[in-house]
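Visitor: First to last, the protein sequences are chains A and B.
Letter 628 of the first sequence, counting from 1, is numbered 628 in my numbering, and no numbers are missing.
Letter 79 of the second sequence, counting from 1, is numbered 1079 in my numbering, and no numbers are missing.
Keep in mind that the hints were calculated from the coordinates and are not lab data.
The hints are all genuine.
Estimated spans, in silico, between C-beta atoms of each pair:
no., chain 1, residue 1, chain 2, residue 2, range
1, A, Arg587, B, Gln1073, 18 to 28 Å
2, B, Gln1138, A, Thr593, 52 to 62 Å
3, B, Val1093, A, Arg587, 17 to 27 Å
4, B, Val1195, A, Arg587, 49 to 59 Å
5, B, Ala1146, A, Arg587, 55 to 65 Å
Given the structure is predicted, the values throughout are model-derived calculations rather than measurements.
Where is the CB? At the ideal position from N, CA and C, for every residue including glycine.
Chain residues, written in single-letter form:
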Amino acid sequence: MLALMHLLAWCQDRRGWAHLSFSIMVLGVLGLAVCELMIMRTDSLRTAGEAVRWGHGFTLLITAGCLGFVHFHFRTGRRWLLLLALGLRLLAVVANFTTGSSLHFRAVHQLGKMTFLGEEVSVPAVWEPNPWLRLGQLAALVLLIYVVDAARKLWRGGSPEGRRRAILLGGSMAFFLVVAPASGGLMAAGLLRIPMLVSFPFLGMVLAMGYELSRDVLRAARLTTDLQMTETRLSQAARAARLGLWEWNLLTDRIWIPEEGRRLYGVAPDEIITIQRFASTVHPEDRAAVNVAVAAALAGPDPYAADYRIVLPDGRIRWIGAHGQVERDAEGKPVLLRGVSIDITERRQAEDRFRIVVEASPNALIVVDEEGRIVLANAQAEKVFGYTRAELTGQSMELLVPERYHDRHPCHRQDYFKDPEIGARAMGAGRDLFGWHKDGREVPVEIGLSPFRTSEGLFVLASIVDITERKQTEQETLRQHGELAHLGRVASMSELSGSLAHELNQPLAAILSNAQAALRFMDQEPQDAAEVRDILTDIVGQGRRAGDVIRRMRGMLKKGELAMDALDPAELAEEVLGLMRSDLVARNITLKTHFPAPPLTVYGDRIQLQQVLLNLLANACDAMAGAPADRRTVTVSIDKSGGSVVLYIQDQGHGLTPGTEEKIFDPFHTTKAEGLGMGLAICRSILTAHGGRLTAKNSQSGGALFCMELPLHGTKDT
Amino acid sequence: MTGPSETIFLVDDDGAVLRAVSRLLRSAGYAVRGYPSAEEFMAAHHADTPGCLVVDIAMPGSTGLELQEWLFQSQSSLPVVFLTGCGDVPTTVRAMKGGAVDFLTKPVDEAELLGAVSAALQRGRLLRNKRSDRARVQALLNTLTAREREVFDHLLTGRLNKQIAADLGTVEKTIKVHRARVLRKLGVSSIAELVHLAERAK
Chain A
1 MLALMHLLAW CQDRRGWAHL SFSIMVLGVL GLAVCELMIM RTDSLRTAGE
51 AVRWGHGFTL LITAGCLGFV HFHFRTGRRW LLLLALGLRL LAVVANFTTG
101 SSLHFRAVHQ LGKMTFLGEE VSVPAVWEPN PWLRLGQLAA LVLLIYVVDA
151 ARKLWRGGSP EGRRRAILLG GSMAFFLVVA PASGGLMAAG LLRIPMLVSF
201 PFLGMVLAMG YELSRDVLRA ARLTTDLQMT ETRLSQAARA ARLGLWEWNL
251 LTDRIWIPEE GRRLYGVAPD EIITIQRFAS TVHPEDRAAV NVAVAAALAG
301 PDPYAADYRI VLPDGRIRWI GAHGQVERDA EGKPVLLRGV SIDITERRQA
351 EDRFRIVVEA SPNALIVVDE EGRIVLANAQ AEKVFGYTRA ELTGQSMELL
401 VPERYHDRHP CHRQDYFKDP EIGARAMGAG RDLFGWHKDG REVPVEIGLS
451 PFRTSEGLFV LASIVDITER KQTEQETLRQ HGELAHLGRV ASMSELSGSL
501 AHELNQPLAA ILSNAQAALR FMDQEPQDAA EVRDILTDIV GQGRRAGDVI
551 RRMRGMLKKG ELAMDALDPA ELAEEVLGLM RSDLVARNIT LKTHFPAPPL
601 TVYGDRIQLQ QVLLNLLANA CDAMAGAPAD RRTVTVSIDK SGGSVVLYIQ
651 DQGHGLTPGT EEKIFDPFHT TKAEGLGMGL AICRSILTAH GGRLTAKNSQ
701 SGGALFCMEL PLHGTKDT
Chain B
1001 MTGPSETIFL VDDDGAVLRA VSRLLRSAGY AVRGYPSAEE FMAAHHADTP
1051 GCLVVDIAMP GSTGLELQEW LFQSQSSLPV VFLTGCGDVP TTVRAMKGGA
1101 VDFLTKPVDE AELLGAVSAA LQRGRLLRNK RSDRARVQAL LNTLTARERE
1151 VFDHLLTGRL NKQIAADLGT VEKTIKVHRA RVLRKLGVSS IAELVHLAER
1201 AK
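This is chain A alone, in the form it adopts within the complex (with noise of 0.2 Å):
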């Protein structure tokens, strides 16, 4: 029963061939018992010597079964051993049927009877042994050490199932083997007076390899439950995340694509597929990647991976991802292609706004990784750059800032990594950005920062405007407003033509008669030799203070570019007074100043700031003109005004029309018969090009004041 049952088994599975090998084992113990019990239940002694022979052939069975069992079951045998065992075990069969009546017994010349277990029974009591025996006693030594070694070797592989099977099969096995050789040895030396009972052993031997191929069963089965249920678990998972499962057979050509997977492609549930027809379900433009991909992943050694659309059978488009990895055979040859195909079609539809979106933005985007490499630009990108998205994807952003600015640029962007809160703040703040194109040109360039985090990491995108053609503007908007305000001073300094002759008259005046009195000194005697010294020493200053007026009145005419310095402002004023004093003293108008003691520091140009103060003080004077003798008085003073300096132009005139402190400033606004009306508003610019203001009211003593505020640029000697 035993024996067809695992002959069943072996028929189930063509590999259980430990279940072939126990069957047949289990027909050799079966067979020997046979012959056994035949040996004790008859008389006939010619019986006996037949029933003897047939038990040796049945040992064949069981040492090949014993063989193959091990073979199979522990597969760490030694196939020499094996063969050599089998081979010894053929030839003592060989002896068995061809010298005297058994391997055992050359001839047996009588049974005798004894009691066994209560029964009486036969068993030879006079033979002739027949010397052949030891070769089957070989052949069981050489069975033995197999098994033992190869049991040995199952316990050094390490696993706790392999040294339980060693131990228990191998252990078994190797005591039945020693006892039943043993026993039916002894018994044929005389020794031992007992019935011929070799299959007993043996039968413990199948009881031992029975038990462990039902385990194998028993396992098998669970197995089987196990990989069952997971199965239901894997297709439940799938299903639920629309995974299409797969498994392309190459060898066969079929593709195995249970239900999700066939509703994934759209492909009837009972349809085979094979590779053609998977093709076929590929949209045309992406077959070729997809071939590609295959190609690359049966080449190895990376896994497969493809994004492809698929047309479904309603026409419409469906993308997928697909994941799988090849398995190879001994050789390395693919033999199979298995996998996971998912719908990413809304992703996909998701990322195609997103790029539509990055591409039609009118700003060039960058967005760059913590590591400061570049992961995506747009069209406009390249644009402003002139690099191609190839070139740029995956280089460092510094590529795209200035060489001027290497040394410090990974630190900024460092910091705004660690804090991208505070960094957008400074980046940039108050300072003209660059860019670099790729030909070398710096481009100027506003940038906008918004950081975002994904499962990667941090990023950041990067908005950026080339400003070039505003630069340029603001360069033509800068220059016409020079050419204006040059315009101004030109028209102020006419006015203050009289005056300025005189200043420079007066120097002159002081030279012509220093130096005539001098020549008339020289000629008399005696010679005052430091009057002459005193005179010379007064001419030389009041040359260089003519130089001055020539110096300061080429300033205020030049058309020059803005040159920006830190300034005093009293300083300012003091040389434009300088300019005006002729003016104010024929005007008969008394200048009180009120400086501050630690000077002060603006940052400006200095011809455009006086220009402005020329201006004021020259309309402070204007409105004065009708002014009763003692109140012509012009006041200018500085003050620090938070972080401001404020210079303070206050006249006793009529004061500003009650509303027109605004409308002053504006173009071609004049109260006066020859003005432009320039002045004033040419004024205001100056100062808020400067980042100022210039405002004005009418003060509380009477007449206008008007007050300059500039950005304080810090204190003179700190």
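Guided by the hints, dock chain B onto chain A, whose structure is given.
Guide: Only chain B this time, still in chain A's reference frame:
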């Protein structure tokens, strides 16, 4: 040419010009006193100091023209020379009408300046002489009695003794006596001389 006590007063708000011009005048042998403003000059000035004034027109505080006016008001005989940076026509006219000796523009040549100064001093001297002469005549006239003074005034109008007597309600003889006494007191011998003297007193 110059009297020992004559001084040239120089007023200019520009210190450098003040020094230079005062040196030039000193090199020509004049005594010079400079003031940086009209006010300072006015504070130090005595009306009868001999000399002349060289003054700038445009100055903070009182201007040169105002100073000229002040001199006139304070009956100073100091002749004025204007020395200015820019002389426009109205200013010049006003200055000359106010009795200025000259109106010079800077830079001034020494010959021009010295010439003007010399002329001014000359005028000053004349004025002073004239003034002392007048004072002397006035003193003589002051010696006349009221009656004699009446007769003197009538004599100047060229009236005859008889007519004067009729006017004053007295007799010709009395007038003759007064006339002789007036001529004597005033140290003149004829009516023509008397008229001349009277002219000097104006």
